[in-house]
Amino acid sequence: MAASAIRTPKGRKHSQTEESPDWQLWGGDSRQVTGRDCSADVASYDSDGQTSASADKCIHSLTWQPYQTACWNSLFNSNCERLPALGYHVVTDKGFNFSSIDDAFICQKKNHFQVTVHIRMTGSPKYLKTQLGLKPIEKFYLKVFGVKVEAANQTIAIEQSQSDRSKKTFNPVKVELPGDQVTKITLGRLHFSETTANNMRKKGKPNPDQRYFMLVVSLCAANQEQSHLLASHISERIIIRASNPGQFENDADNLWQRGQVPETVVCHGRVGINTDTPDEALVVCGNVKVMGGVMHPSDIRVKHNVQEVDTTELLKKITQMRLVEYDYKPEFASAMGIECTHETGLIAQEVREILPRAVKEAGNVTCENGESLENFLMLDKDQIFMENVGAVKQLCRLTNNLEERIEELEVWNQKLAKLKRMSSLRSFSSERTSRSKYNCVVSLPRQKKVSPVNPRKVPEKQQSCSNRIFQMTVIALVAVMALCAVTISTLYMLDLQEEGGDGEPSSWYNNTDFASSTHRPLGTTLLVPSTTRFPTTTTTLPPVHGIPEVSFCELLPCVKTHCCSVQSSKRTRRRAWINQKPKTRGQGNRSKVLDEKRWLDKPDLGIDWIDTRISSIQITENQHVIDRRYCSKSLQCGSGNYSYSIPVNKFTPINVRTTLEINTTEPLIVYQCKMTLGNICRRSASSRGFSDTFRETTQGCQHLWILPITGLYESIHHFRVAAPDLANCSTDPNYAGIFFTDYYFYFYRQCN
Numbered sequence: 001m002a003a004s005a006i007r008t009p010k011g012r013k014h015s016q017t018e019e020s021p022d023w024q025l026w027g028g029d030s031r032q033v034t035g036r037d038c039s040a041d042v043a044s045y046d047s048d049g050q051t052s053a054s055a056d057k058c059i060h061s062l063t064w065q066p067y068q069t070a071c072w073n074s075l076f077n078s079n080c081e082r083l084p085a086l087g088y089h090v091v092t093d094k095g096f097n098f099s100s101i102d103d104a105f106i107c108q109k110k111n112h113f114q115v116t117v118h119i120r121m122t123g124s125p126k127y128l129k130t131q132l133g134l135k136p137i138e139k140f141y142l143k144v145f146g147v148k149v150e151a152a153n154q155t156i157a158i159e160q161s162q163s164d165r166s167k168k169t170f171n172p173v174k175v176e177l178p179g180d181q182v183t184k185i186t187l188g189r190l191h192f193s194e195t196t197a198n199n200m201r202k203k204g205k206p207n208p209d210q211r212y213f214m215l216v217v218s219l220c221a222a223n224q225e226q227s228h229l230l231a232s233h234i235s236e237r238i239i240i241r242a243s244n245p246g247q248f249e250n251d252a253d254n255l256w257q258r259g260q261v262p263e264t265v266v267c268h269g270r271v272g273i274n275t276d277t278p279d280e281a282l283v284v285c286g287n288v289k290v291m292g293g294v295m296h297p298s299d300i301r302v303k304h305n306v307q308e309v310d311t312t313e314l315l316k317k318i319t320q321m322r323l324v325e326y327d328y329k330p331e332f333a334s335a336m337g338i339e340c341t342h343e344t345g346l347i348a349q350e351v352r353e354i355l356p357r358a359v360k361e362a363g364n365v366t367c368e369n370g371e372s373l374e375n376f377l378m379l380d381k382d383q384i385f386m387e388n389v390g391a392v393k394q395l396c397r398l399t400n401n402l403e404e405r406i407e408e409l410e411v412w413n414q415k416l417a418k419l420k421r422m423s424s425l426r427s428f429s430s431e432r433t434s435r436s437k438y439n440c441v442v443s444l445p446r447q448k449k450v451s452p453v454n455p456r457k458v459p460e461k462q463q464s465c466s467n468r469i470f471q472m473t474v475i476a477l478v479a480v481m482a483l484c485a486v487t488i489s490t491l492y493m494l495d496l497q498e499e500g501g502d503g504e505p506s507s508w509y510n511n512t513d514f515a516s517s518t519h520r521p522l523g524t525t526l527l528v529p530s531t532t533r534f535p536t537t538t539t540t541l542p543p544v545h546g547i548p549e550v551s552f553c554e555l556l557p558c559v560k561t562h563c564c565s566v567q568s569s570k571r572t573r574r575r576a577w578i579n580q581k582p583k584t585r586g587q588g589n590r591s592k593v594l595d596e597k598r599w600l601d602k603p604d605l606g607i608d609w610i611d612t613r614i615s616s617i618q619i620t621e622n623q624h625v626i627d628r629r630y631c632s633k634s635l636q637c638g639s640g641n642y643s644y645s646i647p648v649n650k651f652t653p654i655n656v657r658t659t660l661e662i663n664t665t666e667p668l669i670v671y672q673c674k675m676t677l678g679n680i681c682r683r684s685a686s687s688r689g690f691s692d693t694f695r696e697t698t699q700g701c702q703h704l705w706i707l708p709i710t711g712l713y714e715s716i717h718h719f720r721v722a723a724p725d726l727a728n729c730s731t732d733p734n735y736a737g738i739f740f741t742d743y744y745f746y747f748y749r750q751c752n
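The numbering of the sequence shown is the numbering used here, which starts it at 1 and goes up by one.
Hints are not guaranteed to be accurate.
Said to hold, decoys possible - In silico DSS-like cross-links for lysine-lysine, where the CA-CA straight-line distance does not exceed 30 Å:
hint, residue 1, residue 2
1, 202, 148
2, 109, 184
3, 202, 110
4, 110, 168
5, 129, 174
6, 393, 317
7, 139, 174
8, 129, 139
9, 126, 184
10, 110, 148
11, 148, 203
12, 316, 360
13, 393, 316
14, 316, 303
15, 148, 109
16, 184, 168
17, 205, 110
18, 317, 418
19, 167, 143
20, 174, 110
21, 167, 184
What the hints assert, rightly or not - Label-pair distances were calculated between CB atoms; the ranges are:
hint, residue 1, residue 2, range
22, 548, 482, 26 to 36 Å
23, 316, 374, 30 to 40 Å
24, 316, 204, 49 to 59 Å
25, 473, 493, 23 to 33 Å
26, 226, 169, 54 to 64 Å
27, 330, 162, 53 to 63 Å
28, 63, 162, 28 to 38 Å
29, 98, 370, 25 to 35 Å
30, 138, 169, 53 to 63 Å
31, 361, 292, 24 to 34 Å
32, 98, 294, 24 to 34 Å
33, 181, 284, 47 to 57 Å
Quick caveat, the hints were computed from the structure, so don't treat them as lab data.
By construction, the Cβ of each residue, glycine as well, lies at the ideal position given by its N, Cα and C atoms.
Could you build the full structure based on these sequences and the hints that come with them?
Here it is as structure tokens:
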């Protein structure tokens, strides 16, 4: 741009340097200041001898935003150091009126408008950065022009009225910008050289094809007749009218119009009741009576990003809200038209910390006594209502869970009552059985009543024979009674041994037994191996034919025989294993008692009965499956008691780790109630460290037990598979098959 084009005509601007600038006009990023914040500044600015806009009208002032920021150039001082971004703020002092019907600012072409620019310069600029590098600054100047909204590349010239009321094209104005100060420049008596298109009304309503302009105020720097942009702001859309014809005179009255539907009235703009500054479509200061309902949009077709909320979090938020009673201050209630000042509700400041989106700022509110409340807070009760809906759903879910638990407790109470009745019946049946046994043994045949005989009439030989028969009968009866007493004592001892749990006969081992106490709580005590030897016997266990041995020949070389040197001298009889496990009631003269109790074996527990049987058993290291082929023929293998006799290959090394894997169909507890160890082959590392890895119980569906099988000549392991919280090792054996299942595993070296 030529230097001659930049001139400063007299009386068309005021450039004033403020020694005490308001540094709050700009932030570090030169953001625009809204019209509402400029009310305090406009009254103090020089408006070229004309009346400035009042604070109330400043609410509806043009808003500005940065324009073409990518083309802004940076400034440098004399040391070629970059200066901070300059502050740039534009205010329209007069000439623009806001139209609610058109929803835009209106400017009459014949009336002039005025613009005030505030520029804050930090430091002393000497150079500006261009594409060719740093260039010295010759001068600063302001230029004003308009652009079309629909075509931003088309500019509209701005004119300025002269003292003789003639108009001339507005040329850029040279300005002086001292360092570290704020400079205010006022540009007055400005006019648009053109008007916007399609300004005429259509049927009393705004033209849908209305065109708009935007005003641009730019600060530039000149260097060698070239212009470089430093800062620029652009206004919102405006309408430029040539005159004020009659169709625009009653715009205020045309806010309320008859609607297209009969008995309807339409208002273009915001409606305020008991207030002259409505900031929403409808603002009511006072009470509202609604006889119908309030509708809200909720169609899924207008929604996206639909996600279900977590009702647990909603319940927590509602719980944190504090419900209070309060009274409105009289000066506020009278200004807002509130008659009943006592209410129950929430505090907006507290709700904002818990649910920020339910609190909105409503601007400044003035009370009747003149007190102004800035950024008055209001609550969106619809949002809080929806939070309450989620909280109620969570409470319903919690209530349902509690009801289900109560029902489960009632079912368990019924089961416990059944078990108590079963226990009482079982004890009564035991007493009746014992009484019948004693009566069976002690009762004597009823003697026939003999008519008295006169001894004088009986011969001596016949009398002596009768005495001898009587003596023999008495002796026989005494012998029978003694035999019955011995039998009763034997049966009583057997009952004591059977009811004592898993008591081990003394003939099973000599010095130390490894059986845990039968009266211990859940689990078993830790078994520490010591010097234990089986009793010496000459009877050997007969070989088992047709049953596969536990062998590790596929994993380890099978060359040397292990642990067979003690076969002839220290081999346990199978009967010792038979005697050491609890006997079942089903042999000899006790079958009758079992028949009487058979109805107690499996009570009717409905669908809650738990299957405590093992689904599969195997040795993990060689995947050797243990099934019914190993069931002992001389012992019970079913109905709650299973006994397995498992031979181990004689070539198996004594230090091989053996893990017994027990699988169940339901989550159960497996107790190792007893472990009887036979003759130890030799002190191997595995046998010495077994006590460190011994476990008392396992839980779940898969149970792994590390057993000292290969390091011993023979061993017996008693496992009890029980339902949780229903049985343990001290439970009555009569409940086998109901609450638990017993498994006995007899491992021995097959040396034949």
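We went through each hint and held it up to the structure:
{"no.": "1", "hint": "202 x 148", "result": "22 Å, holds"}
{"no.": "2", "hint": "109 x 184", "result": "26 Å, holds"}
{"no.": "3", "hint": "202 x 110", "result": "24 Å, holds"}
{"no.": "4", "hint": "110 x 168", "result": "14 Å, holds"}
{"no.": "5", "hint": "129 x 174", "result": "20 Å, holds"}
{"no.": "6", "hint": "393 x 317", "result": "14 Å, holds"}
{"no.": "7", "hint": "139 x 174", "result": "7 Å, holds"}
{"no.": "8", "hint": "129 x 139", "result": "15 Å, holds"}
{"no.": "9", "hint": "126 x 184", "result": "21 Å, holds"}
{"no.": "10", "hint": "110 x 148", "result": "19 Å, holds"}
{"no.": "11", "hint": "148 x 203", "result": "26 Å, holds"}
{"no.": "12", "hint": "316 x 360", "result": "22 Å, holds"}
{"no.": "13", "hint": "393 x 316", "result": "13 Å, holds"}
{"no.": "14", "hint": "316 x 303", "result": "27 Å, holds"}
{"no.": "15", "hint": "148 x 109", "result": "16 Å, holds"}
{"no.": "16", "hint": "184 x 168", "result": "24 Å, holds"}
{"no.": "17", "hint": "205 x 110", "result": "24 Å, holds"}
{"no.": "18", "hint": "317 x 418", "result": "46 Å, violated"}
{"no.": "19", "hint": "167 x 143", "result": "17 Å, holds"}
{"no.": "20", "hint": "174 x 110", "result": "26 Å, holds"}
{"no.": "21", "hint": "167 x 184", "result": "24 Å, holds"}
{"no.": "22", "hint": "548 x 482: 26 to 36 Å", "result": "53 Å, violated"}
{"no.": "23", "hint": "316 x 374: 30 to 40 Å", "result": "32 Å, holds"}
{"no.": "24", "hint": "316 x 204: 49 to 59 Å", "result": "55 Å, holds"}
{"no.": "25", "hint": "473 x 493: 23 to 33 Å", "result": "31 Å, holds"}
{"no.": "26", "hint": "226 x 169: 54 to 64 Å", "result": "21 Å, violated"}
{"no.": "27", "hint": "330 x 162: 53 to 63 Å", "result": "58 Å, holds"}
{"no.": "28", "hint": "63 x 162: 28 to 38 Å", "result": "30 Å, holds"}
{"no.": "29", "hint": "98 x 370: 25 to 35 Å", "result": "27 Å, holds"}
{"no.": "30", "hint": "138 x 169: 53 to 63 Å", "result": "23 Å, violated"}
{"no.": "31", "hint": "361 x 292: 24 to 34 Å", "result": "30 Å, holds"}
{"no.": "32", "hint": "98 x 294: 24 to 34 Å", "result": "30 Å, holds"}
{"no.": "33", "hint": "181 x 284: 47 to 57 Å", "result": "48 Å, holds"}
In this structure, the earlier hints numbered 18, 22, 26, 30 are contradicted, and the remaining ones agree with it.
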